[in-house]
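Colleague: One-letter residues, chain by chain:
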Amino acid sequence: MDDKLQNFLTNAFAPYGDFPARTDVTRELLANLRDKFADLKEQGMSDAEAYQATINSFGDVSEIMEQVPHAKADASAEPQGHKSIHQVIKDAMKMAKLSTSKFSSSELKESDLSGTDLEDADFSFSSMASSNLERSNLSGAKFRASELRRSSFAGADLTNANFSASDLSDVNFAGANLTGTKFAGSALKGAKFADANLTGTNFSHSDLTGVSFDHQTLEGTMFNSSSLKNATFHGAILHDVNFHHADAKHTSFDGATMDKVTYALLKGAKAKLDGVTVA
Amino acid sequence: MIDKQPITSDLLRGHTDTIILKLLTSGDCYGYEITKLVAEHSSGAYQLHEATMYSSLKRLEHDGHIESYWGDETLGGRRKYYRITATGREQYQSNQRSWEEAKAILSHLL
Numbered sequence: 000m001d002d003k004l005q006n007f008l009t010n011a012f013a014p015y016g017d018f019p020a021r022t023d024v025t026r027e028l029l030a031n032l033r034d035k036f037a038d039l040k041e042q043g044m045s046d047a048e049a050y051q052a053t054i055n056s057f058g059d060v061s062e063i064m065e066q067v068p069h070a071k072a073d074a075s076a077e078p079q080g081h082k083s084i085h086q087v088i089k090d091a092m093k094m095a096k097l098s099t100s101k102f103s104s105s106e107l108k109e110s111d112l113s114g115t116d117l118e119d120a121d122f123s124f125s126s127m128a129s130s131n132l133e134r135s136n137l138s139g140a141k142f143r144a145s146e147l148r149r150s151s152f153a154g155a156d157l158t159n160a161n162f163s164a165s166d167l168s169d170v171n172f173a174g175a176n177l178t179g180t181k182f183a184g185s186a187l188k189g190a191k192f193a194d195a196n197l198t199g200t201n202f203s204h205s206d207l208t209g210v211s212f213d214h215q216t217l218e219g220t221m222f223n224s225s226s227l228k229n230a231t232f233h234g235a236i237l238h239d240v241n242f243h244h245a246d247a248k249h250t251s252f253d254g255a256t257m258d259k260v261t262y263a264l265l266k267g268a269k270a271k272l273d274g275v276t277v278a
Numbered sequence: 000m001i002d003k004q005p006i007t008s009d010l011l012r013g014h015t016d017t018i019i020l021k022l023l024t025s026g027d028c029y030g031y032e033i034t035k036l037v038a039e040h041s042s043g044a045y046q047l048h049e050a051t052m053y054s055s056l057k058r059l060e061h062d063g064h065i066e067s068y069w070g071d072e073t074l075g076g077r078r079k080y081y082r083i084t085a086t087g088r089e090q091y092q093s094n095q096r097s098w099e100e101a102k103a104i105l106s107h108l109l
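Same order as they appear, the protein sequences are chains A and B. Numbering that gives the first Met the number 0 numbers the first residue of the first sequence as 0 and each following residue consecutively. Numbering that gives the first Met the number 0 numbers the first residue of the second sequence as 0 and each following residue consecutively.
Nothing false has been slipped in among the hints.
The calculated SDA-like cross-link candidates involving lysine to any residue, where the alpha carbons are at most 25 Å apart (straight line), are: (1) K79/B <-> V67/A; (2) K79/B <-> F18/A; (3) K269/A <-> H204/A.
Simulated from the structure, these hints should not be mistaken for laboratory data.
Make the full structure from the sequences, and use the hints.
Modeller: Pasting the structure below:
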């Protein structure tokens, strides 16, 4: 169990690389976590329950780092001949096979995490603007309430990933696998989805202003209560797509093909449907 | 869930430094002891996060309001203890007065 608590701390501090007081800080925090864990066990919790409760009440590591001198997480500030902080994180992840890792509430702006195995990793509440996650395995990953504007997920596997309530403006999802991915309540203005797999993707309550779904095949995709102002579905094939309560009045479906149910839903949403083929 | 925080959490968080100074006026404490005492003294209503506490301890130490020393436990890991300094006691008195003033003002306004 000590190993698990130690790992938790190692992961929590991973984004900061090496900093002078690191050994001292983690030693003291580990002692605190051990004490808490032992106390909860004494109160009758199982190992798993006590571990979960201990890490749940840990809080936000960035709060600690405000008080501890450390190098800025900025590649350009690194001395010559040293690995950049992002390279350090990336190497550490690869070595530790950090699938199922927690990076929640992390400061990872402009990180290069391309081609990395990050299955089920948790990046919730993180600041990751302009990051490169191209071709990474992010199936089941969590990015809830994360800041990801201008990041690229091109070619990434995001099967069943969760982006609820995140800022995804101008993000590139070209060629990504978004099967079952949840974007509920996210800002997606300017996002690109060319050649992405959008089967069962959930865009409910999201802002998709001006987004192009041209020539896409949409199967079971959910746009309920989303804003689709000036979005385009030119030449797209729509099957079993949900537009309940969507704002589709200023959305263009020119040359799209769709099933009767989808057509009826869009008609109810007062969408302009001239040039649509019902098949 | 043990980490469920009431809505007042942010309001209380702003007083973490003073809460810790007050605890240390009645004796030296190590990290987990502080979070545990905060939970006990508030009847479980305020769960101080480790990170919030640690950040506050480092700030207080840097400002000379508290000092730390390693304990001499032989069993298990060693604990780092914190002791309040003379300026820490003054700071606590001053924070306490500010709070009383703020409370008086707010009681008229809220």
